[in-house]
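Asker: Going down the list, the protein sequences come from chains A and B. Quick note on the working numbering: the first sequence kicks off at 44 and runs consecutively. Quick note on the working numbering: the second sequence kicks off at 19 and runs consecutively.
It should be emphasised that the hints constitute simulated quantities derived from the structure, not laboratory data. It is possible that some hints are incorrect.
Said to hold, decoys possible - Listed next, the in silico DSS-like pairs over lysine-lysine satisfying Cα-Cα at most 25 Å (straight line): (1) 177(B) with 31(B); (2) 187(B) with 177(B); (3) 136(A) with 31(B); (4) 177(B) with 150(B); (5) 136(A) with 243(B); (6) 50(A) with 150(B); (7) 471(A) with 79(B); (8) 457(A) with 65(A); (9) 386(B) with 182(A); (10) 280(B) with 136(A); (11) 177(B) with 457(A); (12) 79(B) with 457(A); (13) 280(B) with 332(B); (14) 376(A) with 425(A); (15) 384(A) with 471(A); (16) 31(B) with 187(A); (17) 139(B) with 50(A); (18) 191(A) with 31(B); (19) 425(A) with 79(B); (20) 139(B) with 187(B); (21) 144(A) with 31(B); (22) 187(A) with 359(A); (23) 50(A) with 366(B); (24) 31(B) with 186(A); (25) 177(B) with 428(A); (26) 425(A) with 239(B).
All of these numbers come straight from a predicted model, not from anything done at the bench.
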Amino acid sequence: MNGVVLKERTGQVYEKGAGPFKLQCNLDSLPGAVSQRACVFCGSRVVLYPITDALHLIHGPIGCAVYTWDIRGALSSDRELHRFSFSTDLREKDVIFGGEKKLEAALLELIERYNPEAAFVYSTCIVGIIGDDIGAVCKRVSKKTGIKCIPVQSEGFKGNKRAGYEAACRALINLIGDGDIEGISPFSVNILGDFNLAGEIWIIKDYYRRMGIEVVSTITGDGRVKDISRAHGAKLNVVQCSGATLALAKMMKEKYGIPYIRVSYFGVDDMADALYRVADFFKDRQIMENTKALINDELNKLYPALKEFRRELAGKRAAIYVGGAFKAFSLIKAFRLLGMKVVLVGSQTGTKEDYEELEAITDPGTIIVDDSNPLELSEFLKEKKVDIFVGGVKERPIAYKLGIGFCDHNHERKEALEGFIGMYNFAKEVYSTVMSPVWRFVPRKEG
Amino acid sequence: MLNMTPKEIFERKALRINPAKTCQPIGALYASLGIHNCLPHSHGSQGCCAYHRSHLTRHYKEPIMASTSSFTEGSSVFGGGANLRQALKTIFQVYDPEIVAVHTTCLSETIGDDLPSLIKKAREDGIIPEGKFVIHTNTPSYVGSHVTGFSNMTAAMVKYFAKKNGASKDTINVVPGYVEPSDMREIKRLVGQMGIKYILFPDTSDVLDSPQRARFSMYPKGGVKIEDLKDTGSSKITLSLGKFASEGAATLLDQMCEVPYKVLDLPIGIAATDRFIEALIEVTGKEPPESITDERGRVVDIMTDMLQYFHGKKVAVFGDPDQVISMTEFLVHLGMKPVHIVTGTPGKYFERRIKEIVKGVVDNPNVKAFGDLFLLHQWIKNEPVDLLIGNTYGKYIARAEDIPFVRFGFPILDRIGHSYFPTVGYRGAMRLLEKMLDALLDRQDRDAPDSKFELVM
C-alpha cells in the first residue's frame with residue numbers, strides 16, 4: 044500500500060496490526076496533494092447555513108457564495124431564507140478601495156427586504172487580506188436596524204474546516220442569552236450538531252417528545268433565531284457528530300453552566316445509547332420508562348426488517364471516508380450489524396482521540412487514514428477488494444469508476460440515515476448499491 | 019421559497035442575489051482538464067479547489083482531479099512561493115502528470131504572487147523535471163466570471179506552447195468555447211466529416227465523459243496533446259466559437275504567430291451552425307458531405323412539423339453569454355419571443371448582440387449582462403413567459419412561477435445528459451428542439467381539461 048502514499052504522508056496512514064498504533068492528524072495538507080479537504084469558510088458556512096430565518100450574506104467574490112448556494116439540502120419546517128444566495132460580489136475596485144461601504148449597503152437592503160431574525164456576515168479569504176472590518180459594519184447596521192448582525196470570521200486560509208466550525212460557534216454564542224427562558228421544562232435539551240439533512244432532526248425531535256423531554260432549540264438544523272436565543276434555558280446540550288458544534292457546547296458550559304454529552308444518532312446501538320444517556324441525565328422514572336418503551340418499540344419494528352438485508356450482505360466489505368471521524372464510529376457498528384466488514388476507515392478532520400478510538404474498534408488489517416486523496420483511496424479500495432464505499436460528493440464517482448457501490452453519508456444523502464428508521468434506510472441503501480445488477484456489466488476487475 | 023421576490027424593480031449596486039455566474043478559477047480548471055495528461059492546480063486556499071471539484075463533480079458525475087497550494091495564514095502573509103514549490107515537487111513525484119496548469123485565486127492574486135518568476139525559478143532549480151510542463155494563468159475571482167477563467171486558461175495554452183514551426187499549413191485551429199465534452203466531440207465530428215485537419219483546444223471529451231472501466235485513472239485518455247498545441251501557431255486559421263470564451267486565445271495566436279482568426283457564435287441552433295459550416299467551407303474550400311446536409315434537413319423538417327407549438331411563445335433565457343446569444347437567435351428562428359435575457363458575466367457586447375438578434379421580434383426586450391436571477395425573476399413577474407431556459411438554478415423560478423423549464427448551460431446539478439448529448443451543431447439543435455417541445459407539450463397535456471386532452475399533437 045505504500046506505493047501510492049506520499050512520503051510526507053506515511054505518518055497519516057496506518058494498517059491495524061502493523062506495529063504500534065501511531066497516526067498523525069490535524070496537520071495542514073501537503074501543498075500539491077489532491078486533498079479532499081475544504082477551508083475555514085466552508086466549515087462556518089455549513090454549520091450556520093441551516094438557520095433558516097437568518098440572513099446569510101457572504102462578503103467576498105461571487106464564487107464563495109455560489110458554491111454554498113443551497114447545496115446541502117438542510118430542510119426547513121417554515122422559513123427558507125437560508126436557501127438564497129446573497130453576496131457582495133466583490134469586484135476589482137472593491138478589492139483596491141475596500142468593500143465596507145458595499146457591505147453596509149447590501150446588509151441594509153437585505154434586512155429591509157427580507158426582515159430576517161438575525162444576520163450572519165461571512166468573511167472570505169479576500170476580505171481578510173484587504174482588511175475590511177466586518178465587525179464594525181455589523182455593529183453599525185445592528186444599531187441602525189435593531190437586527191442582530193453577527194460577523195463570522197471565516198477567512199478561508201486561516202486553517203481547515205475544523206477552524207471554521209469554531210468560527211461558527213463563536214458567532215453562534217452571540218445569539219444565545221437574549222431569549223425569555225420562563226416556563227422551560229426542567230426536562231429540556233438543545234440538539235446540537237444536526238443539520239436536518241433529509242429531515243433527520245424531525246425524527247430525533249419526535250423521539251425526545253415521546254420521552255417527555257422538551258427540545259428548546261435545534262442548533263443548527265431547522266434552526267430558528269428565537270429558539271437559539273433561549274438555548275441557555277435548556278438543562279442539557281446533546282451534541283451530535285465529531286465536533287461541528289462541540290466548541291459551542293463548551294462555551295455554553297462555561298458561560299451558562301449547561302452540561303453536554305456527545306452522542307451519535309446513527310446506527311442502532313448509538314441511537315439507543317444516546318437516548319438512554321439523555322434519560323439517565325434527568326434521573327426521572329417516567330422519562331426512563333418512556334425511553335425504554337420507545338426503544339423496544341422501534342427495535343421490534345426494525346430487527347425483522349434488517350434480517351433480509353443481513354442475509355445477503357453478510358461478509359461484504361466496506362470502506363469509509365468521511366468528513367468528521369465521529370460518524371465513522373457509528374458506521375463501523377452499523378456495518379457490523381449487517382454482518383459486513385469494514386476494511387478502510389478515514390476522515391478529513393479527525394483528531395488524535397478520534398483515531399485512537401477508531402484503532403480500538405476496528406479489526407486487524409483495517410487501514411486507518413487521515414486527509415487522504417483520490418489516488419490513495421482508489422488503491423486502498425482495490426487492494427482491500429471493497430464492495431461499498433461510504434463518502435461524500437468527491438468520493439462518489441471514484442467508487443463508481445472502480446465498479447463498486449457507494450453510499451453518501453455526507454450532506455448529499457436523500458434518505459434520513461439517523462434514528463432507528465435511519466438504520467433501516469441505510470441498510471436498504473447499502474443493499475441497493477452493493478447488490479445492484481449494474482455491477483454485472485462492469486468489465487472484469489483487474490487483478 | 020422565492021415567493022418573496024418583489025415585482026417592482028429597483029436599482030441594486032451593492033448586492034448580488036442568486037447569481038447567474040461564478041468565479042474565474044473554476045472555468046480555468048475546466049479548460050485545463052481539456053489538455054492531455056494535465057493536472058490542474060489551484061494556487062490558493064484548499065477551499066477553492068474543494069468547491070470547484072465538488073461543483074464540477076456534481077455537473078459531470080466524474081472524478082475531477084486538481085491539486086491545491088493549500089495556503090495557510092503564513093502563506094498569505096509571506097506569499098505562496100514556498101507552497102507552489104512544494105506543490106510542484108509533490109505533484110511530479112506522486113501524480114506524475116505531463117503538465118501542470120496553474121490558476122490563481124483571489125487570495126494569491128491579491129497578495130501578488132508572481133507566477134512566471136516562481137515557475138521559472140522552479141524550472142531552474144530542477145523542481146520541474148525535464149520534459150514536463152508548467153503553465154499558468156491569472157484568474158482573480160473578482161474580475162469577470164468563470165467564462166473569463168476559461169478564456170484565460172485557453173489563452174495560456176497558446177502563450178506557453180504556440181509556435182510558428184511550419185508544421186502543417188492545411189490544419190485549422192478550433193477553439194470550441196466553454197461547452198460540454200459532448201459538444202466538443204460533436205464539433206470534432208462535424209469538422210472531421212468535412213475532411214478537414216484540425217486542432218481542437220481545449221478538448222474535454224474522453225476526459226469528462228469517460229467510460230466505466232472498473233478502474234480509476236487520474237488522466238483519462240482525452241485532451242489536446244502538447245505537440246498539437248505547439249502546432250497551433252502554424253495552422254492556417256483559427257475559428258473561435260463564442261466571443262467571450264474563445265476570442266482571447268485566437269487574438270493571442272494572431273499576435274504571436276500571425277495566424278488569422280474568425281470569431282463565430284457558438285454553433286447552437288440552425289443559423290449559427292450554418293455559419294460555422296460556411297466558415298469551414300470558406301477557409302478550406304471543402305464542401306460538406308451529404309450526411310451533414312441531411313442532418314440539417316432533418317432539423318428543418320422538425321421545425322416545420324412543429325412550428326405551431328413554438329410560434330409566438332415568450333421565453334426567458336439565462337446563462338453564459340456565448341450560449342445565451344446563440345440560443346436567443348435559435349428561439350427567434352423558431353418564431354418564439356425571447357423577452358428576458360440575462361447573463362451574469364459582465365460585458366457590453368452581450369447586450370448589443372442580443373438586441374440586434376431580437377430586433378423586430380421583441381419590441382422592448384429586457385437584456386442584462388452582469389445580472390442575476392433575482393432580476394430575471396422580477397422581470398418574469400412583470401411579464402410572464404411560456405418557457406424558461408437556463409442552468410439548474412432556474413428551477414427555483416420555474417417552480418415559483420410554474421413555468422416549463424429546459425435545463426441548458428452550466429451548471430446542471432440535478433439531471434444527466436448534458437455531458438453526453440450535444441447542444442451544438444445540427445444534432446444539438448435536434449436535441450434542443452426535442453427538449454423544448456417536450457416541455458411545452460407536457461405542459462399542454464397537463465393543463466388541458468378532459469375535453470381538450472388530445473392523443474395526437
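Asker: All the hints need checking, so say for each whether the structure fits it.
Answerer: Tested hints:
no.	hint	in the structure
1	177(B) with 31(B)	violated, 36 Å
2	187(B) with 177(B)	holds, 20 Å
3	136(A) with 31(B)	holds, 13 Å
4	177(B) with 150(B)	holds, 16 Å
5	136(A) with 243(B)	violated, 38 Å
6	50(A) with 150(B)	holds, 21 Å
7	471(A) with 79(B)	holds, 23 Å
8	457(A) with 65(A)	violated, 36 Å
9	386(B) with 182(A)	violated, 35 Å
10	280(B) with 136(A)	violated, 33 Å
11	177(B) with 457(A)	violated, 46 Å
12	79(B) with 457(A)	holds, 17 Å
13	280(B) with 332(B)	violated, 32 Å
14	376(A) with 425(A)	holds, 23 Å
15	384(A) with 471(A)	holds, 17 Å
16	31(B) with 187(A)	holds, 20 Å
17	139(B) with 50(A)	holds, 24 Å
18	191(A) with 31(B)	holds, 23 Å
19	425(A) with 79(B)	holds, 21 Å
20	139(B) with 187(B)	violated, 36 Å
21	144(A) with 31(B)	holds, 11 Å
22	187(A) with 359(A)	violated, 61 Å
23	50(A) with 366(B)	violated, 51 Å
24	31(B) with 186(A)	holds, 23 Å
25	177(B) with 428(A)	violated, 45 Å
26	425(A) with 239(B)	holds, 21 Å
Hints 1, 5, 8, 9, 10, 11, 13, 20, 22, 23, 25, counting from the list given before, are not met by this structure.
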